[in-house]
Amino acid sequence: MGLLDLLGTRRAAGWGVVAVAGMAKNTGKTVTINRLIDEAADAGLVVGLTSVGRDGEERDVLTRCPKPRIRVRPGTVVATAAGTLAAAEAGWEEPTGTGVRTPLGNVVLLRVREAGIMEVAGPSTVADLVAVTREMRRWGADPVLVDGAFGRLATAGPRLSDGVILATGAAYGADREQVVTATAARVAQLSLDAPPETWRRAAEPVIAARRVGFYDPQSGGTSLVGRATGLGLARTIAGAAEPGKVLVLGGAVVDSLLEALMEHQADLSGLPLVVAHGACILVEPRTWHRFARAGGRLYVLERARVLAVTVNPASPDGPSFPAEEFLHRVWEGVRPCPVFDLVAHRSLGGVV
Numbered sequence: 031m032g033l034l035d036l037l038g039t040r041r042a043a044g045w046g047v048v049a050v051a052g053m054a055k056n057t058g059k060t061v062t063i064n065r066l067i068d069e070a071a072d073a074g075l076v077v078g079l080t081s082v083g084r085d086g087e088e089r090d091v092l093t094r095c096p097k098p099r100i101r102v103r104p105g106t107v108v109a110t111a112a113g114t115l116a117a118a119e120a121g122w123e124e125p126t127g128t129g130v131r132t133p134l135g136n137v138v139l140l141r142v143r144e145a146g147i148m149e150v151a152g153p154s155t156v157a158d159l160v161a162v163t164r165e166m167r168r169w170g171a172d173p174v175l176v177d178g179a180f181g182r183l184a185t186a187g188p189r190l191s192d193g194v195i196l197a198t199g200a201a202y203g204a205d206r207e208q209v210v211t212a213t214a215a216r217v218a219q220l221s222l223d224a225p226p227e228t229w230r231r232a233a234e235p236v237i238a239a240r241r242v243g244f245y246d247p248q249s250g251g252t253s254l255v256g257r258a259t260g261l262g263l264a265r266t267i268a269g270a271a272e273p274g275k276v277l278v279l280g281g282a283v284v285d286s287l288l289e290a291l292m293e294h295q296a297d298l299s300g301l302p303l304v305v306a307h308g309a310c311i312l313v314e315p316r317t318w319h320r321f322a323r324a325g326g327r328l329y330v331l332e333r334a335r336v337l338a339v340t341v342n343p344a345s346p347d348g349p350s351f352p353a354e355e356f357l358h359r360v361w362e363g364v365r366p367c368p369v370f371d372l373v374a375h376r377s378l379g380g381v382v
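Each number in the working numbering corresponds to the 1-based position in the sequence shown with 30 added.
To be clear, the hints were calculated from the coordinates, so they are not data collected in a lab. Careful: at least some of the hints might be erroneous.
What the hints assert, rightly or not - DEER-style ranges, computed between Cβ atoms:
#1 G113 x G250: 47 to 55 angstroms
#2 G300 x I147: 41 to 49 angstroms
#3 G300 x A204: 34 to 42 angstroms
#4 G74 x G251: 54 to 62 angstroms
#5 Q295 x A117: 24 to 32 angstroms
#6 G251 x A322: 23 to 31 angstroms
#7 V160 x A296: 40 to 48 angstroms
#8 D223 x R316: 40 to 48 angstroms
#9 A204 x P247: 20 to 28 angstroms
#10 D72 x G113: 29 to 37 angstroms
#11 R316 x T126: 43 to 51 angstroms
#12 D205 x T126: 42 to 50 angstroms
#13 P104 x L312: 37 to 45 angstroms
Just so it is clear, the structure is predicted and the values come from calculations on it, not from any experiment. Cβ coordinates follow ideal geometry from the N, Cα and C atoms, glycine included.
Model the full structure from these sequences, guided by the hints.
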């Protein structure tokens with residue numbers, strides 16, 4: 031059973047839209063995507079592919095380091111900017127415009143006719159991504175793979191995808207245990223529980239308006255703080271916090287906010303937080319664990335489905351990790367989520 035087979039057993043109605051997110055550059059995201067493309071094609075499935083930003087180019091645009099290339103198979107449905115097609119080695123049928131604009135030209139939909147290498151540069155906004163992936167589904171693509179670094183996919187969350195595959199590896203950091211801790215924290219953040227129903231009803235309009243507010247379960251009332259999301263308002267929010275109330279954030283959770291809350295009161299067990307989804311939590315592992323030790327509790331309106339973690343023990347510009355040890359350490363941090371080393375053909379919780 032391969033990686034795609036495992037995902038299929040976890041989604042009885044099909045695979046849907048799967049986001050493949052890298053913890054950092056060179057953590058194995060493209061290797062994961064190529065494996066999924068191959069397995070889908072071998073199974074006779076129509077796979078869709080698009081990207082948040084740009085991927086599949088021969089060298090990284092910023093570092094100029096060589097990168098793995100994306101290799102598409104016949105039948106693959108691709109959504110990419112027209113400006114990337116000149117560098118493609120694959121063949122395709124007549125493209126169809128989508129009306130979505132990018133710096134590399136309008137995004138087009140095409141069906142691959144001949145296998146080969148392609149660069150992929152898809153929509154950059156959540157609304158455009160959702161619209162394009164829906165159109166790819168109408169073209170018969172299932173699964174649709176969305177390629178992107180975690181930070182680029184953070185604003186989309188469950189609204190965009192039915193599940194997430196997280197790619198982690200030695201390129202994230204030179205200390206193996208720090209990489210394991212960061213990966214485990216990210217999986218935990220994506221998998222947070224939903225709040226009680228009364229909290230949900232109070233939080234939904236605040237989050238939809240991208241505001242910050244405090245919900246009082248005793249009175250049933252909600253008071254707003256500031257005129258926008260929590261960014262730049264950490265001390266203002268912390269100063270307004272009162273035990274017994276629920277803090278609702280319509281934007282991202284960042285280190286400065288959690289640090290300000292911990293400075294304001296040592297015990298956070300009486301001040302739960304509610305956000306849209308786990309991808310909104312953009313905090314360092316050290317801050318995340320301090321917050322948990324202080325009694326902090328965080329809930330999400332939409333719980334993400336972490337389908338699998340893939341690991342890359344090699345780093346192009348730093349120390350590499352012993353492959354088998356790294357696989358086991360990541361598994362210990364994220365289980366029961368399955369972990370795959372696709373190059374070494376090893377897995378825990380799944381079979382490759």
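Against the structure shown, which of the earlier numbered hints fail to hold, in ascending order? Hints 2, 5, 8 and 9 contradicted; others consistent.
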